[in-house]
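Starting from the known structure of chain Z, fit chain X with the ligand onto it as the hints suggest.
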Amino acid sequence: MSILEDTPQYTKKDFMSDQTIRWCPGCGDYSILSQVQSVFAEMGVPRHQFAVVSGIGCSSRFPYYLSTYGFHTVHGRAPAFATGIKLANPELSVWLATGDGDALSIGGNHFIHLLRRNVDLQILLFNNRIYGLTKGQYSPTSEYGKKTKSTPMGSVDHPFNPCALALGADATFIARTVDIFVKEQRDVLTAAHQHKGTSFVEIWQNCNIFNDGAFKEHTERKTRDERCIFVEHGQPLLFGDKTAPKGLVLGSDVRLHVIDVNTDEDRARVLVHDTSNQLLASLLIRMEGAEFPTAMGVIYQVERPTYEAAVHAQIDASVARTGGGDLKKALASGSTWTIPG
Amino acid sequence: MQEVAQEATRQVPRTVIDDVVIRFAGDSGDGMQLTGDQFTRTTAVHGNDLATFPDFPAEIRAPAGTLAGVSGFQIHFSSRDVLTPGDQPGVLIAMNPAALMANLGDLKKGGLVIVNTDKFTDRDLEKAGQTSSPLDDGRLEGFEVVPVQLSALTKNALDDMGLGAKETDRCKNLFALGIAYWLFGRDTAITEAWISNKFKAPYAEANLRALRAGYNYAETVELFHSGYEVPPARLAPGTYRNITGNQATALGLIAASQKSGRQLFLGAYPITPASDVLHALATHKDFGVITFQAEDEIAAIGATIGAAWGGALGVTSTSGPGVALKAEALGLAIMVELPMVLVDIQRGGPSTGLPTKTEQSDLFIALYGRHGESPCPVVAAQSPGDCFWAALEAARIAIRYMTPVILLTDGYLANGAEPWKLPEVDAIPDIPVNLATDPEGFLPYKRDPETLARPWAVPGTPGLEHRIGGIEKQNETGAISYDGDNHELMSRLRKQKVERIAQDLPQAEATGSPDGILVISWGGTYGAVHTAVDTAFKGGMRVAHTHLRWLNPLPPGLRELMERYERVIVPELNMGQLSSVLQARFARPVESYTKVQGKPFKVSELLARLQLAQAQA
Ligand code: SF4
Numbered sequence: 001m002s003i004l005e006d007t008p009q010y011t012k013k014d015f016m017s018d019q020t021i022r023w024c025p026g027c028g029d030y031s032i033l034s035q036v037q038s039v040f041a042e043m044g045v046p047r048h049q050f051a052v053v054s055g056i057g058c059s060s061r062f063p064y065y066l067s068t069y070g071f072h073t074v075h076g077r078a079p080a081f082a083t084g085i086k087l088a089n090p091e092l093s094v095w096l097a098t099g100d101g102d103a104l105s106i107g108g109n110h111f112i113h114l115l116r117r118n119v120d121l122q123i124l125l126f127n128n129r130i131y132g133l134t135k136g137q138y139s140p141t142s143e144y145g146k147k148t149k150s151t152p153m154g155s156v157d158h159p160f161n162p163c164a165l166a167l168g169a170d171a172t173f174i175a176r177t178v179d180i181f182v183k184e185q186r187d188v189l190t191a192a193h194q195h196k197g198t199s200f201v202e203i204w205q206n207c208n209i210f211n212d213g214a215f216k217e218h219t220e221r222k223t224r225d226e227r228c229i230f231v232e233h234g235q236p237l238l239f240g241d242k243t244a245p246k247g248l249v250l251g252s253d254v255r256l257h258v259i260d261v262n263t264d265e266d267r268a269r270v271l272v273h274d275t276s277n278q279l280l281a282s283l284l285i286r287m288e289g290a291e292f293p294t295a296m297g298v299i300y301q302v303e304r305p306t307y308e309a310a311v312h313a314q315i316d317a318s319v320a321r322t323g324g325g326d327l328k329k330a331l332a333s334g335s336t337w338t339i340p341g
Numbered sequence: 001m002q003e004v005a006q007e008a009t010r011q012v013p014r015t016v017i018d019d020v021v022i023r024f025a026g027d028s029g030d031g032m033q034l035t036g037d038q039f040t041r042t043t044a045v046h047g048n049d050l051a052t053f054p055d056f057p058a059e060i061r062a063p064a065g066t067l068a069g070v071s072g073f074q075i076h077f078s079s080r081d082v083l084t085p086g087d088q089p090g091v092l093i094a095m096n097p098a099a100l101m102a103n104l105g106d107l108k109k110g111g112l113v114i115v116n117t118d119k120f121t122d123r124d125l126e127k128a129g130q131t132s133s134p135l136d137d138g139r140l141e142g143f144e145v146v147p148v149q150l151s152a153l154t155k156n157a158l159d160d161m162g163l164g165a166k167e168t169d170r171c172k173n174l175f176a177l178g179i180a181y182w183l184f185g186r187d188t189a190i191t192e193a194w195i196s197n198k199f200k201a202p203y204a205e206a207n208l209r210a211l212r213a214g215y216n217y218a219e220t221v222e223l224f225h226s227g228y229e230v231p232p233a234r235l236a237p238g239t240y241r242n243i244t245g246n247q248a249t250a251l252g253l254i255a256a257s258q259k260s261g262r263q264l265f266l267g268a269y270p271i272t273p274a275s276d277v278l279h280a281l282a283t284h285k286d287f288g289v290i291t292f293q294a295e296d297e298i299a300a301i302g303a304t305i306g307a308a309w310g311g312a313l314g315v316t317s318t319s320g321p322g323v324a325l326k327a328e329a330l331g332l333a334i335m336v337e338l339p340m341v342l343v344d345i346q347r348g349g350p351s352t353g354l355p356t357k358t359e360q361s362d363l364f365i366a367l368y369g370r371h372g373e374s375p376c377p378v379v380a381a382q383s384p385g386d387c388f389w390a391a392l393e394a395a396r397i398a399i400r401y402m403t404p405v406i407l408l409t410d411g412y413l414a415n416g417a418e419p420w421k422l423p424e425v426d427a428i429p430d431i432p433v434n435l436a437t438d439p440e441g442f443l444p445y446k447r448d449p450e451t452l453a454r455p456w457a458v459p460g461t462p463g464l465e466h467r468i469g470g471i472e473k474q475n476e477t478g479a480i481s482y483d484g485d486n487h488e489l490m491s492r493l494r495k496q497k498v499e500r501i502a503q504d505l506p507q508a509e510a511t512g513s514p515d516g517i518l519v520i521s522w523g524g525t526y527g528a529v530h531t532a533v534d535t536a537f538k539g540g541m542r543v544a545h546t547h548l549r550w551l552n553p554l555p556p557g558l559r560e561l562m563e564r565y566e567r568v569i570v571p572e573l574n575m576g577q578l579s580s581v582l583q584a585r586f587a588r589p590v591e592s593y594t595k596v597q598g599k600p601f602k603v604s605e606l607l608a609r610l611q612l613a614q615a616q617a
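Going down the list, the sequences are from chains Z and X.
Each residue of the first sequence is one higher than the one before, starting from 1 at the first, in our numbering.
Each residue of the second sequence is one higher than the one before, starting from 1 at the first, in our numbering.
Where hints are given, some of them may not hold.
No more than 30 Å apart at the CA atoms, straight line, and that leaves these computed lysine-lysine pairs for DSSO-like [claimed, not checked]: (1) K495(X) x K13(Z); (2) K109(X) x K599(X); (3) K127(X) x K328(Z); (4) K183(Z) x K12(Z); (5) K446(X) x K495(X); (6) K147(Z) x K183(Z); (7) K166(X) x K127(X); (8) K446(X) x K12(Z); (9) K13(Z) x K196(Z); (10) K200(X) x K329(Z); (11) K166(X) x K200(X); (12) K216(Z) x K246(Z); (13) K198(X) x K328(Z); (14) K198(X) x K329(Z); (15) K538(X) x K595(X); (16) K246(Z) x K329(Z); (17) K329(Z) x K446(X).
These aren't lab readings, by the way, just hints derived from the structure by calculation.
For reference, chain Z alone in the conformation it holds in the complex (with noise of 0.2 Å):
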């Protein structure tokens, strides 16, 4: 029976649970939350396959506001809660929502291994830079200087690049989204959902409570098209304003320019994004400087055989060998003798 046959018209209010939302008013949550209720309800995937996993922190209570499957886990963890239901159960669609801190600092490790092994399920971090429940520490994302309740001085940590950690940890699938951006959180939402793999996707959060504005520059209109530049594949690098557009060129120093495309040599010289080329995603996700603006879409994207696939390949291999295990035998492995009676 094919998923696909069987699967019932949703609309995105089929994903709403019935529990009340509790983060606070005004929440870049709230947006991504409904993204994420619209792109399930266009997946052609059973309510019912649905297992959304998340660690501890405000985005962590994803799952409880969806009407699917859900596990709220251990902080951090959440990767590895993932990892065996999807083992257990390779049809399930496994969504795993995390936060900067969840995923980052408490779970790093957890997060570099989902990556490597190359998980089929689809992560979203939930960057806000701040440590929201716990009421407004410095996060791994934080930038360097950062004054907040426990750093009233400025914090002395380097912060981490979400997306550059996920490429160091042979991310199959790298994309980056803002909370607010409707059609372009959608079509990274359904890629990552498309693609074979860990899908790693960072979404930039406002935290209006704690950290308010982090991404104001991205997101309002008069700044937005100079801020982000939209990746896509096969597509020339270009932002600004669509009359006198930039692009990125690379120059002989093996770094990304910044130009004016006037001319069509200009626009000859553009580089057309391609998102198996691994040092192009480098270059891209590590733009910095008032210059360049933030790569956002799908950044990176290689095929890789997926870690469950490999597992149970191997488990098939084994049951078509010995046409599966006999427990009689198992025990009487080794020596044995007998003592008559």
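Same frame as chain Z, but now just chain X with the ligand:
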């Protein structure tokens, strides 16, 4: 060879004895564990009852020739019932001065010492910290010493094979094994078959030659005044194999998977002495077993709980330090009420402690080692073969009561071996599993009135979508609830559920005297305690023994049983953990008898304690 050996055996006078304890001792690199393992297999197939005690250092290769690097393997075999690896070896095979001196103190007066004299150069003695040679300074007086030039003789036997000096010398353990086989009139066939299987040419040939040469050497030079014969034991009829605790644990888990129809998922991170459970299960993929070597102990249990949520029989195996790391996740498993088994193969602690040595010091962490009110059932295995049954029982209770269960074994059980009667597979009862499927009236925390278990509703089941998690939940609906009364209700329900397991347990009973002293033991000390109490009782002492399989809940009738005795003695390989539990629970004094030396109890130690108790009476 085989025939020749048997031929030869017939001509030698053999003294019939019924009980032997032999210890092989050498450097970690001398292959003593392998030698002991082979001797064990041959002895088992010969029909003796037996118990083994491998004892090795934590370092894979401690500096050669030093006392720290000595690795030993003790086997107790007999024509009678054997429950312990024996207090004192009567035979010691020592490969070098360090092995000799580290073990001589344990040897019985008048015991037999077979010693490799090729390793007694000044340099060897110095490495072992000896200022004079024990071979000629009188320290071996009172023992029957059989000097053998093991290295030279092995070299002679393999001389024409063109192997390097190191490779040749590495075969000397099999030469020694050959001598031991001759000494007890044992057939070399099982080890020969094993060698042929295990080694490639020319190493198979080299090892075979060394084994046969050792046997023939003992025969032809009349190394011993007499050979010995230990007739087979009168074990119950049936088919037997030799089994270690870790092998039995792995097989018990597979049996539980087969009997419950649930896929077995093992999440584990390598740790001594638990890794062999992971290794064993990794070879059984044809049972559909998933083994997940996680990035750490926490991930191992996290994935296990995830798999349990997904409908698998989730198991995580570890030792003390791992249990500490898993504590938070185990609390979640208690909260979300999913079935899984945590196998703790105890070792000396705290911290890294004595990683290769045995201890029973994780009882407290098993019972109490989590934050909040987090009751968890705890069951303990009592012998290597019993690990099979204990693992099966842990899984059965976990599924029936929808709860994590901690299974305690220990390093002594894990690596120790005994002959094990193969169970009748068809006679092992099924483990019923009732997965929820009906959306009608489904509530994730609605409980079975008999067991208080909540339904097992597996993701992928249409119509049962629900959320679980670590936050306190409302009774029945499972919705998030911070209500104080509800939290108290849920805390009580979780506790009562674990207490209800007692309804499935047999009444506490004791063997031996109906009054006087009651000895209460648990876990891997069963063999030594039972042997000691039985011996004392048969010698006229008013003493009885009861052994606790379940530590939480305690078996029904334990209080009444304890009340029948004037005194209660609780021997444990810790600082008195069960004693504390029993005193707190029953508000009656018990006498704690403890040992934390990384070694099992000797029967003689326990007997001495009982005699002391009687003298006080
Ligand atoms: S604290 Fe910040 S991240 Fe958390 S719910 Fe409130 S606004 Fe959102």
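Quiz item: Within a Cα-Cα threshold of 30 Å, do K200(X) and K329(Z) meet the stated pairing?
Solution: holds, 26 Å
Quiz item: Does K198(X) pair with K328(Z) here, judged by a C-alpha cut-off of 30 Å?
Solution: Holds, at about 24 Å.
Quiz prompt | Given pair status - K329(Z), K198(X), alpha carbons within 30 Å | solution = holds, 21 Å
Quiz item: Is the hinted pair K166(X) and K127(X) satisfied, with a Cα-Cα distance of at most 30 Å?
Solution: With a Cα-Cα distance of about 19 Å, the restraint between K166(X) and K127(X) holds, given a limit of 30 Å.
Exercise. Take a quick look at whether K495(X) and K13(Z) sit within 30 Å of each other, Cα to Cα.
Key: violated, 39 Å
Exercise. Take a quick look at whether K538(X) and K595(X) sit within 30 Å of each other, Cα to Cα.
Key: holds, 25 Å
Quiz prompt | Agreement of K246(Z) and K329(Z) with the hint, judged by alpha carbon distance not exceeding 30 Å | solution = Roughly 70 Å separates the two Cα atoms, so the pair is violated.
Practice problem: Quickly compare the C-alpha distance for K183(Z) and K12(Z) to 30 Å and report which way the hint goes. | Solution: holds, 15 Å
Self-check item: Given hint K328(Z) paired with K127(X) - CA-CA distance at most 30 Å
Solution: violated, 49 Å
Quiz prompt | K216(Z) paired with K246(Z) [C-alpha distance capped at 30 Å] | solution = holds, 21 Å
Quiz item: Taken at face value, is the distance from the CA of K12(Z) to the CA of K446(X) at most 30 Å?
Solution: Between K446(X) and K12(Z) the Cα gap is close to 29 Å, so the pair holds against 30 Å.
Quiz item: Is the Cα-Cα distance between K13(Z) and K196(Z) 30 Å or less?
Solution: This hinted pair holds, its Cα atoms lying about 27 Å apart.
Consistency with the previously given hints fails for numbers 1, 3, 6, 16 and 17, ordered from lowest to highest.
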